[in-house]
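J.: Residue numbers (my numbering), protein chains in the order written: chain V, 1 to 113; chain D, 1 to 116.
Keep in mind the hints are simulated off the structure, nothing from the lab. It is possible that part of the hints are untrue.
To give a feel for the contact side, a few chain V residues facing chain D, derived at Cβ under 10 Å [said to hold, decoys possible]:
#	residue
1	P8
2	Y64
3	Y103
So the derived list for chain D, only partly shown, Cβ under 7 Å to chain V, looks like this [to be verified]:
#	residue
4	P40
5	G43
6	F46
7	F106
Think of the CB as a built atom: it goes at the ideal place given N, C-alpha and C, for glycine as much as any other residue.
Chain by chain, the residues:
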Amino acid sequence: NAGVTQTPKFQVLKTGQSMTLQCAQDMNHEYMSWYRQDPGMGLRLIHYSVGAGITDQGEVPNGYNVSRSTTEDFPLRLLSAAPSQTSVYFCASSYYDSKETQYFGPGTRLLVL
Amino acid sequence: AQSVAQPEDQVNVAEGNPLTVKCTYSVSGNPYLFWYVQYPNRGLQFLLKYITGDNLVKGSYGFEAEFNKSQTSFHLKKPSALVSDSALYFCAVRDRFSGGYNKLIFGAGTRLAVHP
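Start from the sequences and build out the full structure, keeping to the hints where you can.
T.: The structure is reproduced here in structure tokens:
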């Protein structure tokens, strides 16, 4: 198993540009989520999905869209990038059982100029 | 609302000495607590979790954590630190979110530096 994979590893954007961060998992996990990591703030939940076709907002959803057309993939879209979205983005997945651990991808480092 | 606090931004310890990384929590009901570790330029890796049962939980890489209900703490410990343990450590608590999704609420993280 590859686990949770994310692409790209690093991206530089100009303000106003759009892009999609890719996330895929091969563990047949029902749950997938996107977090952003900022210094001194831990990880904050952006969006999550409890299964294909079902998504919902997390703590900090503004400026981001998601979709879940398959169990494996959960892309995060930035519609119009802003400097405040400079961060490290992590995708995570887990089984439906709430006691299970979450598995994290290696992260995407995004810089918005 | 559920929350965790990691009171130390950084912990310094000499190799071979015991280490403790502190975490306190605030939850309603029974807490589900986790520790994750993040090595440089890597994603978070699961270390251990407390759901129920023994207060001393053993995890990966020789780490353990002690759940203390009266002190609402879940400190991470290791008897003998290694230089390779140097990393960023996150304490987390499970919170039930809308739609039944169980999200993790993370602390701000504690950087552990183990010196030779």
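J.: Now look at each hint and say whether the structure bears it out.
T.: Going through the hints against the structure:
no. : hint : in the structure
1   : P8   : violated (14 Å)
2   : Y64  : violated (16 Å)
3   : Y103 : holds (7 Å)
4   : P40  : violated (11 Å)
5   : G43  : holds (4 Å)
6   : F46  : holds (4 Å)
7   : F106 : holds (4 Å)
Violated hints, in rising order: 1, 2, 4; the structure is consistent with all others.
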